[in-house]
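Model the full structure from these sequences, guided by the hints.
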Amino acid sequence: MAKKDKEDNEFRPTGTVTVLVIFVITLIAIWGTIYMILVGRGGTL
Amino acid sequence: MKQYQVSAAEKKFIGSHILVAVLALAVGSLFGPLQAFEHAGWDFYVYLKPLIKSYYQGLTVHGVLNALVWTTFFIMGFLTFNVIFGLKRPLKNPVLNKVGFWMMVVGVVVAAIPILANEATVLFTFYPPLKANWAFYVGLTLVVVGSWVEGWGLFMTYADWRKENKNERTPFIAFASLVTVLLWQICTLGVAVEILTMLLPWSLGLIEGVDPQLARTYFWFTGHPLVYFWLLPAYISWYAMLPKQAGGGKMFSDTLARLAFWIFLVLSTPLGFHHQYVDPGVPPAWKFIHAILTFGVFFPSMMTAFTVIASLEYGARKNGGKGALGWIGKLNWSDPSVASQLLAGILFFFGGIGGLANASYNVNLVLHNTAFVPGHFHLTVATAVTLSFTGISYWLVPYLTGRKLWQPKWATIQAWVWFVGMIVFSNSMHVLGLLGAPRRVPLNLAPYVPAEWNSRLFQVGLGGAILFVSGLIYLVVIYKTATNKERVETEVEVPIAESMQDPDSGPIWLDRWSPWVYGALALIVIVYGPVLFDLIKNIALTSPGFRVW
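Just so you know, the sequences run in chain order A and B. Start counting the first sequence at 1; every next residue gets the next number (the working numbering). Start counting the second sequence at 46; every next residue gets the next number (the working numbering).
Incorrect hints may have been included.
[What the hints assert, rightly or not] With a Cα cut of at most 30 Å, we get these calculated DSSO-like pairs of lysine-lysine:
no., chain 1, residue 1, chain 2, residue 2
1, B, Lys375, A, Lys6
2, B, Lys47, A, Lys6
3, B, Lys56, B, Lys530
4, B, Lys363, A, Lys6
[As the list claims (entries may be wrong)] Just some of the chain B residues that point at chain A, by a computed CB distance under 7 Å:
no., residue
5, Tyr359
6, Ala369
7, Ile398
8, Met545
[Stated by the list, open to error] Computed footprint of chain A on chain B, listed as stretches where at least three residues anywhere in the stretch have a Cβ under 8 Å from a Cβ of chain A:
no., segment
9, 343-354
10, 405-416
Since the hints were made in silico from the structure, they are not lab data. The structure displayed is predicted, hence computed values, not measured ones. Don't be surprised by glycine CBs; every beta carbon is placed ideally from N, CA and C.
Structure follows, in structure tokens:
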């Protein structure tokens with residue numbers, strides 16, 4: 001049990017952080033692309 | 046450690062839900078590819094007359110059976126299992142749950158009759174002033190009320206458990222299932238009021254007209270949290286089962302998981318106006334508030350992504366996984382249940398991104414009512430949810446029937462074929478939407494389709510064909526499993542990942558219902574109350590019904 005707990009405590013989810021950073025970058029890129037389409041179509045005041 | 050034994054009668058009851066769900070999926074999925082083929086210029090509807098009379102009738106069958114019936118039956122079956130297994134006790138009042146189940150079954154039949162008779166070609170959103178036969182509304186009401194009754198049975202079971210376990214933390218799968226049931230009970234009040242106060246009396250001729258704006262507002266009170274009713278059961282599996290299946294992982298944080306479910310309960314209903322950004326009857330300030338709350342749901346979503354991925358990473362690294370991303374290869378990809386859910390999760394990343402674009406008050410103007418929207422929800426309900434449910438069924442059906450999964454390799458192939466088909470289909474739908482292609486339109490007949498859409502429309506058809514093949518493989522695998530003569534040697538083990546953290550060490554307020562329930566109700570009253578009050582005060586039951594099919 002003690003060994004298990006040690007393993008748990010030492011675990012750092014660095015891969016998870018990498019995946020989520022990729023997600024956020026993709027999110028910004030896609031959202032930004034759609035936003036540029038919106039801007040490209042012009043304002044309708 | 047020996048697992049809790051679910052009785053044969055309970056297994057049969059849960060299995061009945063799965064059976065109805067799979068039958069609905071089977072019929073509904075026949076019509077999905079027909080929409081895609083139509084876009085590609087291959088119109089099979091002409092061969093289906095007089096049985097199916099139009100593209101829109103097919104789209105209604107597809108939407109109602111796949112988005113409403115397949116999901117609701119599978120979910121109620123899976124949640125019932127989770128409550129029984131999680132609390133380690135039988136249902137308090139199995140007759141009540143059976144009454145609920147049969148109400149749902151009768152409701153499906155009653156709604157199916159007018160749909161098949163082309164008397165309810167109103168799509169699964171049934172927006173008035175499109176007017177369906179009264180039986181369609183009665184059928185939908187029975188399905189919703191039946192699911193409420195089943196939910197009450199689950200709450201009664203929980204109340205009994207709580208009496209005997211005053212100081213215990215609710216086991217996670219039972220806790221999360223009950224939150225999901227409660228979310229459903231709250232959010233479906235919208236369609237219940239819509240149908241009972243307007244659509245049903247209108248369809249019966251008791252009132253002459255309908256107020257489409259008020260009806261849409263009621264609908265989206267239910268419509269968006271419906272997405273979380275679909276997603277949360279998949280999340281339960283991703284949080285508490287998938288890590289164990291994927292390589293002996295543990296749930297990274299019991300506290301984060303519980304907190305995420307509570308936030309979903311509080312935030313998932315008071316944000317329906319993000320589906321009504323272009324509706325004229327809702328003041329912009331309220332739309333903006335709903336937009337902010339919609340972005341609030343991003344937080345529990347990211348908490349879920351973090352916890353689930355970390356749980357998977359923990360198991361993968363224990364199995365020798367290395368590197369920033371290399372550990373992903375150490376997950377148990379050969380298990381069809383795992384492969385299905387991992388692939389569902391990968392595509393859900395893009396579904397989440399599309400969802401945020403849809404929810405953005407300004408960017409939505411580019412996407413609203415375009416093919417982008419069905420492209421998006423085929424990544425969410427048709428992949429994150431459906432592929433997870435099919436993955437769950439790959440262990441649940443053998444567990445319930447005591448029969449071995451037929452040809453696991455084919456089950457794994459099915460998941461990959463769906464993944465590939467959905468990439469082709471959904472990507473082309475997203476792009477078409479950005480190019481301005483409208484949704485809910487038989488584009489093969491539209492005279493305004495520019496040449497630049499053609500290659501994408503072909504890809505929609507191609508993707509639909511690949512998805513159709515995957516659907517067929519799934520049905521064969523499940524049928525052959527349910528009738529497999531080869532039985533499992535010992536009962537299938539229910540995959541429950543233990544938590545890294547002792548659940549008892551988490552904050553006690555995460556196991557208290559009243560603050561969250563009152564908070565959810567208060568927020569709904571605050572952000573829906575003024576607009577609903579205004580719409581009801583100025584109700585205009587003036588629109589006649591239209592039959593445009």
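Here is how each hint holds up against the structure:
no.	hint	verdict
1	B/Lys375 <-> A/Lys6	22 Å, holds
2	B/Lys47 <-> A/Lys6	26 Å, holds
3	B/Lys56 <-> B/Lys530	18 Å, holds
4	B/Lys363 <-> A/Lys6	13 Å, holds
5	Tyr359	5 Å, holds
6	Ala369	4 Å, holds
7	Ile398	5 Å, holds
8	Met545	5 Å, holds
9	343-354	holds (count 4)
10	405-416	holds (count 6)
Of the hints listed earlier, there is not a single one the structure fails to meet.
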